[in-house]
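Colleague: Based on these hints, arrange chain B on the given structure of chain A.
So you can see what is in the structure, the chains are spelled out below.
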Amino acid sequence: MTGLTLMVDKMSPKRLTLALAFTSALVVGVTASQIASAATNGNPSWRPQSSERLVKLPASYLKKSIDHDFKQSELGLALQNTDENIGLKAKTLNDLQSAVGQSQGEVQDELRHQFLGEKRDYIQLMSQRNELKRKHLVTKRRLFETMLEKVADSKNVSPVRQELMDKQDEAMQRFESSFDKVDMRLFKNGMAADSKYGQKHHENVSAIEKLMSRIQGHRMNSIPEDDGRPLTHEEQLRRMASNVQAEIALLDQEEGILGYMAKLVALDAMALAEESLDAELSDSDTPGSQGPAGAVSFFMNN
Amino acid sequence: MFTSIKTKLHVLALTIAVATAAFAGTNSAQAGTLENLERERAILVQTFMNPTLTPEQRQASIASTNRRLVDLERMVLRDKSLRGKNTKVVRRAFKSYDVSFMAHASAEKNLTLVDNWMEQFGLSTETLMTAEVGRR
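Chain order of the listed sequences is A and B.
The numbers in my numbering rise by one with no breaks, and the one at position 276 of the first sequence is 276.
The numbers in my numbering rise by one with no breaks, and the one at position 124 of the second sequence is 124.
Only chain A is shown next, with the shape it has when bound in the complex:
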């Protein structure tokens, strides 16, 4: 440490600035998680509510509805903003990389330093994005879990209620099987077979059937299938929840990649700092340490 301090003392101000910058890059870029915690400013949020209405939405539309709600939220806007910044940063990195390849000497050193700094910023932004994305995915997963709980609750039927529903099914079957017989009997007894309610009911049923057939054929009402078997609402919700879980797992992997990137930036910074120090030492006027054998010639003549 003392040795390093001495060397630093002898460096030119420009090289000293470079070395200090690399060291700061080294310190900052140790791990992606450290960056992430340091980079996230503010606390943008997204609080979707698992309402009854949302649960009843068709699964195909539900996803769009949730995504739309997220895009309008504080968290969605923050993520969008970060994505835009990352795009710009990637462009800067691309430009700098080609500039480094075309330059030489001190200019190249300067550009390499800038390139490292930009890489560090890129990693910070990516970590920030991942943090926001994780928040989004975790909230979305929680939302699906709540929705699945609600669906499961609505399916839980007490024995008394089940008995009532069985009775109602039984009554409906009996009613449908005796429907024509009842009408015939009314007609035979001199009462009009169809009352005003009966006539209107038939008209409405036929209108409802037409609408239902149009609804069933509507492309927005198509039910996703699995091997030709239509998926239930609950199955679709479960699939959406597992897709979110898969996205979270991929995000974990991406964070690993960012960690490696950060480590590479740190190593590059160390290499650049070492190169700068070597170049500084080679430029030095201080003679190298020599043994007495090298001074023998001074003693050979009087």
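Any given hint could turn out to be false.
As the list claims (entries may be wrong) - With a Cα cut of at most 27 Å, we get these calculated DSSO-like pairs of lysine-lysine: (1) 56(A) <-> 85(B); (2) 71(A) <-> 135(A); (3) 109(B) <-> 188(A); (4) 167(A) <-> 95(B); (5) 181(A) <-> 196(A).
Since the hints were derived computationally from the structure, they do not count as laboratory data.
Modeller: Positioned in the frame of chain A, the structure of chain B alone reads:
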């Protein structure tokens, strides 16, 4: 400009979808079908037991009630809001089809309304005709 219209359309579609979902949950929540049926049935039973009516008057009154009863019974049986509605009134209504849906049950069994009703209490025309007056 285009984005704004696109966003507005999206929001509109969402609102309609949510409203549709709301409709699906509430359009069948009409109250009173069962209460109306109960009221009509009570009037019919009163007609059965009213001693001041002549047989012709009773018959005419029952015939007029029967038509309304058929409609009311159909309204109750088709009322989706009653599905699984675990209340005492609904449970009692579906406990016995023959008692609650008298018009349909009697037509199904080729009985008159009175005969069907009395049958539910263990009385038939035959048993009444063969009954003898005696001292206990």
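Colleague: Please flag the earlier hints that this structure goes against, numbers listed from lowest up.
Modeller: Failing hints: none at all.
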